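Student: Respectively, the protein sequence lines represent chains A and B. In this text, residue positions in the first sequence follow the working numbering: the first is 803, and each later residue adds one. In this text, residue positions in the second sequence follow the working numbering: the first is 922, and each later residue adds one.
Incorrect hints may have been included.
[To be verified] As a list, the in silico DSBU-like pairs of lysine-lysine whose alpha-carbon atoms are at most 35 Å apart:
1. Lys966/A / Lys931/A
2. Lys1432/B / Lys1266/B
3. Lys863/A / Lys820/A
4. Lys1266/B / Lys863/A
5. Lys820/A / Lys1166/B
6. Lys887/A / Lys1432/B
7. Lys1432/B / Lys892/A
8. Lys887/A / Lys820/A
9. Lys892/A / Lys863/A
10. Lys1091/B / Lys820/A
11. Lys966/A / Lys863/A
12. Lys1432/B / Lys863/A
13. Lys863/A / Lys830/A
14. Lys892/A / Lys966/A
15. Lys830/A / Lys887/A
16. Lys830/A / Lys820/A
17. Lys931/A / Lys830/A
In case anyone wonders, no lab produced these hints; they're calculated from the structure. Owing to the predicted nature of the structure, the values given are computational and were not obtained by experimental measurement.
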Amino acid sequence: MDNRGGPSESSQPGESAKIEQFAQLLGKCQRQVFLYAMRLLHSAADAEEVLQETNLVLWRKFDQYQQGTEFGRWACGIAHYEILKLRERKPPAERLFSDQFIDMLATPTQPSTDMLDARRDALQHCLGKLSAADRQLVDARYQPEGSTRAVAESLGRSVQGTRKALHRIRLALMACIQRTTAREEPA
Amino acid sequence: MSTATPQFDELGLLMAALCDGEITPAEAARLEQLATRSEAARRYFLHYVQLHAELSWEGGLGGSEAIAVGSTKESPHPRPLSRKGERRVSDPRRRLAALLAMAAAFALAALTLWWAGRERRVAQNPQPPAAPPVVARLVQTLDARWEGPAAEQLDPAGRPEGVALHPGQKLRLAQGLAEIAFGSAGTKVILAAPASFEIGDAAQGFLQCGSLSATVAHEAAGFTIRTPTARVVDLGTEFAVAVEKSGRSEIHVFLGSVTVEPQAALSRQPAPRAVLAGQAVGVAPSAPGKAATIEAIAAGGRQFVRSLTPRVPASGSVAQLREIVARHPNLIHHYTFEGSTLEEKLRDRRGGLDLSEVVMFDGRGGGALNLAAQGFDASTTAVAPYRGYPEGNSTGVGLQSQGPFTPPPQFTVELLLNFAGTPEGNGTISVAVSTREDDRSCGFFVVAVDRGQLVHLMDGMAPWTESDVEFIPGQWYYVASTFAAGDGTTTVNSYVANLTRGQSKLTWAVKNQVARGVPAASRLGIGKGFNATVAHAYPWSGALDEVAIYNTILDPDTLQGHLEAILGGPTSKGK
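Turn these sequences into a full structure, and let the hints guide you.
Tutor: Have a look at this one:
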């Protein structure tokens, strides 16, 4: 049996514990992997495809996971490879950015899980401070199947105008998140 | 710095178009240009995308309870939809449930296979399958004598080359050496007698006693050697294992890294331990009721055979090359990595441009540079920069000159290199010799990308030069590259020979390729490069030796002479 097709023979007696551990680790890293894929692909659909492929590879390679190390970091390493494969499958015209640029985006230190959690809390806080109209716009844009174009059409506004409004809201959220997380950082 | 500054108005609006999936290729090119202008712009880009990603994942947070669930079962491999009709992300909770179902399905399949195998073993079925899978083959042997029931099969008519090996097959080597190739990815094991070894599958084997060395291609990372006391999992590397009669195991790592997991009672299983290049550990059998222990031991305390390739004639050596190079009148920098102290090893023998250790911008990742790495032959010591995993491009330790290096208008970079491969494969950049001034102006003089392709680069925004050379992991190469800077371009030539295979003629691998840009002046990186912000990055995976820089373009005959100084040959006196 090829041990890269799943847990190896020698690990079978503890199989249920291994599955449970895998499921726990997998669940905790999903958001981290998705955010990492988005950083390089900028498309939620592409990022989700990478996430799904990564999950399969994580399972196949779970025997190689070094216990005690950060699972999310390992998962992002595998996701990186899946991202490159996805880019290779795309026609050149759809790749948008150069390989060097993607490489540059990949190199910054990945945020820790704690940092991601802190940002999530900050985002919740900052969304709560938006005006009702702005909040409605964000919710509509980021609803399932939502898009700026669909939101514009439903509101009877121009796509450009709606895009600018969303851009303004994103800038406000970025500034708010930055202020909030800076306050929470230890001195 | 606030992320919402007016200076990023154009960048921001292009980001908004990107997030809407409606950016045009021309706008994307402009966006890339803007985002790479400064560190602040790059951070703005990353923060903007991160917010977009977080909102996409959470579905706006406030509306998460009401989110409709998007199907993820459209296809086993759903294709991305067009950017104008971007598919939405499904509910994270539903996704996790699907994942658990997936995990359970895989587990069931694995369990079924395991039980099937177990029943076969219990029944001790004397009739093996008619056509057992071939998972490994004998490559060559040296003075080998096999014992046991399979002895004749392993040496049919004295021609063992290519003999097929199957899962569960036991090999008892009473004398000599045997080289075994696993799978199709280039994984090689050299078994040294006396040894008892069992083939597992294309990715694993069991060493009952004796010793072996293993060279594993990066795409075969995960290759596993089990012993009575340990499980050694390769991460794309070269390592050796010895098992004593007591069952005590020693693991020595030459390149890359492995994880070692003691085989003990599950309830007392210690955590696996990473063993890095230049390190060695011992794993003793666990006493009843006690945990097995891993102890660090002296590396190099045991000799392993790492190659059955016929060695070079005695007339040549790396030391002979070193002598010839040292006498060359156009030599301006010479790093031999010889000496008994750190200062000596990092000294520039010609130009006074000494080296220091530097850590990649993402940190060490738990590893260290090895200044006592095994070179091509016994006459030399090499340096093995440390490259981390999985973020190898940004994690590790390399070397950098203490002062600036100004590339002459025409110059030659010559070195010996051993590429260890990278577990990540495509997208990886391993830099042997480099400079970088800013995001564009650089001098990536000798680089291995992806699976080990030799490339060069003078402009961070330009494509790599191309070559057909792909370094085989674990093998030593002689490489010489020449650079002639012109008006905004550089003409590059590269000459390569595989030393491990005894290739006595240089291959002209890069022929008069014109690279955009001219070599940048900066600190000189050895075993590392620089990213767009000129931070330490792209550590070399493997070992380097005898780095020499000349302020002229050495002609092919001279370079051929240098090669023959190593391998021996008609012009081994050099020029």
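Student: Is the Cα-Cα distance between Lys830/A and Lys820/A 35 Å or less?
Tutor: Satisfied, since the Cα-Cα distance of roughly 15 Å is no more than 35 Å.
Student: Is Lys863/A within 35 Å of Lys830/A, Cα to Cα?
Tutor: Distance ~17 Å between Lys863/A and Lys830/A Cα, so the pair holds.
Student: Would the hint linking Lys892/A and Lys966/A be met if the CA-CA limit is 35 Å?
Tutor: Given pair Lys892/A, Lys966/A holds - Cα atoms ~29 Å apart, limit 35 Å.
Student: Straight-line Cα separation of Lys931/A and Lys830/A no greater than 35 Å?
Tutor: Given pair Lys931/A, Lys830/A holds - Cα atoms ~28 Å apart, limit 35 Å.
Student: Mind checking the alpha carbons of Lys863/A and Lys820/A for me, to see if they're no more than 35 Å apart?
Tutor: At roughly 13 Å apart (the allowed maximum being 35 Å), Lys820/A and Lys863/A satisfy the hint.
Student: Keeping to a limit of 35 Å between CA atoms, is the pair of Lys1091/B and Lys820/A held or broken?
Tutor: Cα-Cα ~30 Å, so holds.
Student: Measure nothing beyond the straight line between the CA atoms of Lys887/A and Lys820/A; if it is 35 Å or shorter, mark the hint as holding.
Tutor: With a Cα-Cα distance of about 28 Å, the restraint between Lys887/A and Lys820/A holds, given a limit of 35 Å.
Student: Between Lys887/A and Lys1432/B, does the CA-CA distance stay at or below 35 Å?
Tutor: holds (30 Å)
Student: Tell me if the straight-line CA distance from Lys1266/B to Lys863/A falls inside 35 Å.
Tutor: violated (39 Å)
Student: Next pair to validate is Lys1432/B with Lys1266/B; report whether the Cα-Cα distance is within 35 Å.
Tutor: Holds, at about 34 Å.
Student: Keeping to a limit of 35 Å between CA atoms, is the pair of Lys966/A and Lys931/A held or broken?
Tutor: Within the cut-off at roughly 19 Å; holds.
Student: For the pair supplied as a hint, Lys966/A and Lys863/A, confirm whether the alpha-carbon distance does not exceed 35 Å.
Tutor: Given that 35 Å is the threshold and the Cα spacing comes to 44 Å, the pair is violated.
In the structure shown, a violation is registered for the earlier hints numbered 4, 11, 12, in ascending order.
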